[in-house]
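Visitor: The listed protein sequences derive, respectively, from chains A and B.
1 is the number of the first residue of the first sequence in this note's numbering; add one for each residue after it.
1 is the number of the first residue of the second sequence in this note's numbering; add one for each residue after it.
Worth flagging that the hints you see were computed from the coordinates, not collected in a lab.
Each hint should be verified, as a subset may be incorrect.
Listed next, the in silico SDA-like pairs over lysine to any residue satisfying Cα-Cα at most 20 Å (straight line) [said to hold, decoys possible]:
#1 A:K68 - A:I30
#2 B:K15 - A:T111
#3 B:K14 - A:H149
#4 A:K127 - B:K9
#5 B:K57 - B:R217
#6 A:K128 - A:Q114
#7 B:K94 - B:R131
#8 B:K14 - A:Q114
#9 B:K75 - B:E207
#10 B:K146 - B:E207
#11 B:K2 - A:I30
#12 B:K187 - B:P161
#13 B:K2 - A:Q114
#14 B:K15 - A:P151
#15 A:K68 - B:I7
#16 B:K75 - B:A41
#17 A:K127 - B:I7
No experiment lies behind these values; they were computed from the predicted model shown.
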Amino acid sequence: MVKIDGSGNDDSLITISSLDKQYQRGTETITVLTGLNLDIGKGEFVAFMGPSGSGKTTLLNLIGGLDKPTSGNIIVDGKEITAMSGKDLAAWRARQVGFVFQMFNLIPVLTAFQNVELPLLLTGLSKKQRRAQVETAMALVGLGDRMMHYPRQLSGGQEQRVAIARAIVTDPTFLLCDEPTGDLDRDSGNEILEIVERLSSEHNKTVLMVTHDPEAAQRARAVLHLDKGILQEAAGGVS
Amino acid sequence: MKYLQIILKNITRKKIRMLLTIGSFAVALFLFGVLVTINDAFFAGVEMSGADRLIVKNKTSVGMLLPYSYKEKIKQVPGVASATPCFWFSGVYKDPKNFFVKFALEDNFREIYPEYVIPEDQWQAYLQDRRGCIVGRKLADRFGFKPGDRMPLQGIFLRDPWEFTVRAIYENSKQEDDTAAMFFHYKYFNERREGFDRVVWFIVKVENPETAAQVARAIDARFANSADETLSETEYISQTRYVTMVGNISLILTVIGAVVFITLLLVTGSTMAMAVRERTGEIGVLKTVGFNDTLIMVLVLVESIVLALAGGGLGLGLAKLYTLGGDPSGGMFRLFYLSPVNIGIGLAIAAAVGAAAGIMPAFNAMRLSIVDAIRRV
Ligand SMILES: Nc1ncnc2c1ncn2[C@@H]1O[C@H](COP(=O)(O)OP(=O)(O)OP(=O)(O)O)[C@@H](O)[C@H]1O
Ligand SMILES: [Mg+2]
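Only chain B is shown next, with the shape it has when bound in the complex:
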């Protein structure tokens, strides 16, 4: 575009002002990039949860456990494909800041989580090692785990460390980035607890996701009026409940974002208005030599949008670098990832703010009468 040169010269004519404007956009879009990533991280569990998995807990409270014997009874409920007890293990790997999620599951792991892909030989090695464990690709990369590596975990209640050996590494065929957890044998876990055999929750795989809600009701009905009544819900609802508990993160993030962008709009709007006012005479000259009103307006608008995209691109680039540096919470999030879609949305917002900031100055430049403009020069 042959007018680009003019636009670039106009942008760079006041270097400090240009840097401040680009800097404002960069800061705002950096913030946007990090906030959407955090927001996504909170909801990642929800989005990644299978609609065909149920979580069965004690109805009375999360603190109350369920008898292990429920597993077989659950499996008899029509529509249930598979079930496993699950325990969220809180052991520490070397240092508490090395946080990652650790689950004890039975060996129908692959039926419960078909999206986790494990090479057959590794899977066999895992089955044969009582103290074997499976780690996700991301977790493996984080600590450099390879099959055969030892992984001692310090339990919180038991003194002696738990000795694990990495036997398998899983990839996620549905959501590439969700590979940050560790799984190990429920049997080994229960042995260490000396056959305590009470279960925090069961994970149930249903045959058909469409009947998941019915199956959940059937399971709860099965244990109604027993000593330990159950509450079954889909993994999705269970996760949503957790996120809602954390607080209305989305709303907070949206409010912060909106305030930032409105401020940005006002600041950039007045900057552009000033830039155009200073150039009144020059705009008159451009019109004199034949630039029509529409072209003048487009030039100002594009200038504003280019500034916005330059700053926005910079901010999003920095945000991407920041997220690549890893989860700042040290592993609390299963997913910490600034997606290309969110980068696109960020750029679109930047461009929209740029356009909105430029529209009034552009309109004024368009309406400027030539004779008035060149009189001022």
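In isolation and in its complexed conformation, chain A is listed as follows:
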């Protein structure tokens, strides 16, 4: 269930109402999002498209609690994340959100295993439990045999799969993917999209994905267009 008219929904996982976001650059104010409303139900797979600079990344960052809106609020799973303190928000991110960015964002001096383990360090899990969870996540992205490799020893597609493993290792409620295939060739990109699709269909993760690639967007259950800070349903409608 995805709605952009602000009419609300009882079973929505994410509820965004009257969201404004402006950036201040010196004396100049850049308005990125204006009065944005959005409801996303549990288990949805939503793709966001739109021209460069239209605010897709900004929106995703706000939903993931990486940034604060100028006004309006975001409620996720009953919690108003826009009202949380920085510390609570960090703890919330660690439990609820998995991030996958265009640039792979792995720490180069850590092995694939250690990169994936990062979010688990924040939990009370024992070393053994952490190892088990990392192994599960790495197996899920098909890299069970690459744990001890450093990012520079992996291909772009493999790095991105490690990033996905890190995003899902804490078993978060939803995944935020910002152009996850933007830097990859077609084949590696498809592999990534297949994993994301499987996470949505088999593991019932709620997925929000920004992409410039219409083929990639087609894999989503719903496609939204963002232009000049306004959300629109893509041709073919919102499911």
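Given the coordinates of chain A, assemble chain B with the ligands onto it according to the supplied hints.
Guide: Just chain B with the ligands now, with coordinates in the frame of chain A:
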């Protein structure tokens, strides 16, 4: 600590930079270790001096001597427990670089220096040998002296060598390391001088350290208006005066140390700032996955402190090795010892410099906005 791995990886990511930073700390703390040891060496005499011992000298100048007959008169002053003439002997053992302190004292040695412990049989052997001498444990170890060994000393004014035989080895029950001197019979010394019987100074043991100053005044009063007036002061004051004469060593050493540590702070501070700036994107990622600001700050601070302690530990370890190699002045110092307390102080200073160097970069890392950080990656 599960984050240690991240910290260590961050430290070792630029090997040359890591080695340079650790090297800076090592050099600085090596210097610190050696300087405090030298400083302690200068003051060792002061700290080890007994508050219950007085030095009685000629009031006019150190070059002027006192009559031997003063000894009995001093002993009659109320509060005096014991007294001995003392002569600082400058004889050379084989080679001038084999320097150590040699005192001629009378046989009330054990009353004057109760902290020096000598086995009874050795003490008796010493008493029975006119040319016997007592050496400290450290001195004995340095030259391998055992009871019964001969020790010829070449006097500076008298041609014929002085023949001594080691009869006793003393330990120090108060300050383990202060056992580098040699003592022998004043009587033998005076014989060789053909009964010259003038004394450079007397060492006086008082009954009660609290009345030491009064006793000193009483002794000086006893000889007031005589041909040889005396100046009596506690061993402590006498030693302090000597150290002050040597120069304000502490101040010089403190200034050197401060300059070194300020330089170290600036160098490490800019290194840490650079290290954190390079990692802006990664810090953004850590925050994204849920590391909170405090944790990020702690990670940077600990990194800086670990580097500082690694370098500091290395430097202090080398300094300790250096001091174990012995007194570089060849025996001028009674004590040349890098104490565990000073090692602890050195490590604390290193950690403090590390923390101070890391605080601004850590604060910047903490304040870094996630969206700005990950945009740069
Ligand atoms: N931290 C910031 N400070 C100032 N302006 C910003 C900041 N972040 C984004 N902007 C501006 O906000 C607008 C939207 O940026 P955003 O990154 O959300 O766009 P986008 O839709 O993700 O674009 P792209 O497809 O190129 O990734 C842009 O004009 C950008 O310059
Ligand atoms: Mg973007």
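Visitor: Determine for every hint whether it applies to the structure shown.
Guide: Okay, the hints, checked on the actual structure:
1. A:K68 - A:I30: Holds: K68 (chain A) and I30 (chain A) sit about 15 Å apart, inside 20 Å.
2. B:K15 - A:T111: It holds: about 18 Å lies between the C-alpha atoms, which stays within 20 Å.
3. B:K14 - A:H149: 19 Å, holds
4. A:K127 - B:K9: The hint holds at about 18 Å.
5. B:K57 - B:R217: 13 Å, holds
6. A:K128 - A:Q114: 14 Å, holds
7. B:K94 - B:R131: 18 Å, holds
8. B:K14 - A:Q114: Measuring from Cα to Cα gives roughly 19 Å; hence the hint holds.
9. B:K75 - B:E207: 11 Å, holds
10. B:K146 - B:E207: 34 Å, violated
11. B:K2 - A:I30: 42 Å, violated
12. B:K187 - B:P161: 17 Å, holds
13. B:K2 - A:Q114: Since the Cα atoms of K2 (chain B) and Q114 (chain A) sit roughly 11 Å apart, the hinted pair holds (cutoff 20 Å).
14. B:K15 - A:P151: Measuring from Cα to Cα gives roughly 19 Å; hence the hint holds.
15. A:K68 - B:I7: 30 Å, violated
16. B:K75 - B:A41: 33 Å, violated
17. A:K127 - B:I7: 17 Å, holds
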